[in-house]
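There are 2 protein chains.
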Amino acid sequence: MHVCITLRFAGTRYHGFQVQKNALSVCEVLQNALESLYGVRPPVKGCSRTDSGVHALGYCVSYTQPKPIPPRKLPLAVNRFLPDDVRVTEAHRVPEDFHARYSAKSKEYIYRIHNSAVADPFQNGLCWRFPGPLDAGRMERAAQYLVGKHDFVSFMSSGSDIADTVRTVYFAHVRREGDDITFHVCADGYLYNMVRIFVGTLVEAGAGRMPPERMRDILEEKKRSLAGDTAPAQGLFLYKVNYSEEEAGNTQAAQEITAKQE
Amino acid sequence: MHVCITLRFAGTRYHGFQVQKNALSVCEVLQNALESLYGVRPPVKGCSRTDSGVHALGYCVSYTQPKPIPPRKLPLAVNRFLPDDVRVTEAHRVPEDFHARYSAKSKEYIYRIHNSAVADPFQNGLCWRFPGPLDAGRMERAAQYLVGKHDFVSFMSSGSDIADTVRTVYFAHVRREGDDITFHVCADGYLYNMVRIFVGTLVEAGAGRMPPERMRDILEEKKRSLAGDTAPAQGLFLYKVNYSEEEAGNTQAAQEITAKQE
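Quick mapping for you: the protein sequence lines, in order, are chains A and B. Per the working numbering, the first sequence starts with residue 1, numbered consecutively. Per the working numbering, the second sequence starts with residue 1001, numbered consecutively.
Check each hint, because a few of them may be wrong.
[Said to hold, decoys possible] Quick list of simulated restraints, FRET-style, between CB atoms: (1) A:T12 with B:H1092: 31 to 39 Å; (2) A:A163 with B:G1125: 42 to 50 Å; (3) A:D84 with B:K1021: 27 to 35 Å; (4) B:P1068 with A:D229: 38 to 46 Å; (5) B:S1157 with A:I69: 41 to 49 Å; (6) A:Q18 with B:H1092: 48 to 56 Å.
Worth flagging that the hints you see were computed from the coordinates, not collected in a lab. Beta carbons: idealized from backbone N, C-alpha and C, even for Gly.
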């Protein structure tokens, strides 16, 4: 039986999802747990690479079960063998040709900034603390230039050799609640470090170091050097993977979900 | 200059506030930081003992500054020398006879229960996960029997030799938000493990294992064995210390503050 499971994990201890030599990965601890459960180690497909220190609220993994365990029993069964910082929250049966990565229509990320002079001991490793003043309204205005189908090469770190750098951003929003600023973005795909460079650039606008309209120029000029720095990995959360066309670009529904879960 | 500083700390790594032999305490790292700042190690007075793993949102410490640094500059100055999981959030000048513990009129604690079959990787060590059904309404009704001046000896762990076990609880409330149940209590003082035994007993009422009214009998019978278990330390947060008479029993103000900060 082919299944898709959803993971929630604190990425602080991990060098990303993908298995690495000489470094702990989420995939490795997941496969260890599956091996304990099934007696054999099934190959698994993750929905995306994630960087070291990046977190997930809804990371999806597909695999074929070596023994058929009913999906509703899977979360508790797998969680028994997982470390505390990784949990299976859902499991569903999926068609044989389903692939956690290639079947995805869009993915949503959240980036959390703690905008305060004093760090919060309960948010260590779970946000980017930015001590200076930030205007979330300016950041929101800047974010709107990202929405749509664009060549996002200005927002890609070097070291990736993909040819097609055009992606579609379905929505991008910045909102403040007290000292916490959250960036929420949905796109059909992401270039290397794209969300983190979005955030580094939005902060330039929020801190008053560039006008929000400059976002358009940065896109048009197609030069990485014009965008802001890459924001730290620890503020980034893979929020949700959308597999149906209806979900993919549905701003309204996606935002209702955010409001409900937060 | 005599000052009172407010600490926010994640207690996971610490064996409570008080200095311990062969175990790390919050007081020790604070005194290390103060020594780095002032060049000498000032004696400090904490507002209460806290158990291993207990957290604080507003722990108060008073001491006499070896060199006068303006209180408004103290948080950043001390934080430079503190580990990430302990932060000074406020500092005020106080009269020479002020004592963080003995000047307190009342203290507020919060206890967090994560009421879910699946643990949350982002709340490890920051709550008590209770997987079974809990009725927060029943817990709230049970909590109301605690309010007032009572002999709370039924809610005291053995191993403490105090003679007077009468305390006044100014308010006690239980509320649910999604999977999170929060108990908020304000009293003029606490017996050893009192809040944790309150919670262990409230959970008995919430899980349907005792009627809420039994709280009254437990108080009247004055027997520790009638109350529930001691809830785990990791869900407990010292929330706020009140030093003025106005604050001490002022339910309204205290609850407005809670609503604002959460």
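Against the structure, the hints come out as follows:
Between A:T12 and B:H1092, the C-beta spacing of about 34 Å keeps the proposed range 31 to 39 Å intact. Between A:A163 and B:G1125 the C-beta distance comes to about 46 Å, which sits within the given range of 42 to 50 Å. Between A:D84 and B:K1021, the C-beta spacing of about 29 Å keeps the proposed range 27 to 35 Å intact. Separated by about 39 Å at the C-beta atoms, B:P1068 and A:D229 satisfy the suggested range of 38 to 46 Å.
A C-beta distance of roughly 43 Å is found between B:S1157 and A:I69, which places it inside the suggested range of 41 to 49 Å. For A:Q18 and B:H1092, the Cβ-Cβ distance of about 50 Å falls inside the hinted range of 48 to 56 Å, so the restraint holds.
In the structure shown, no violation is registered for any of the earlier numbered hints.
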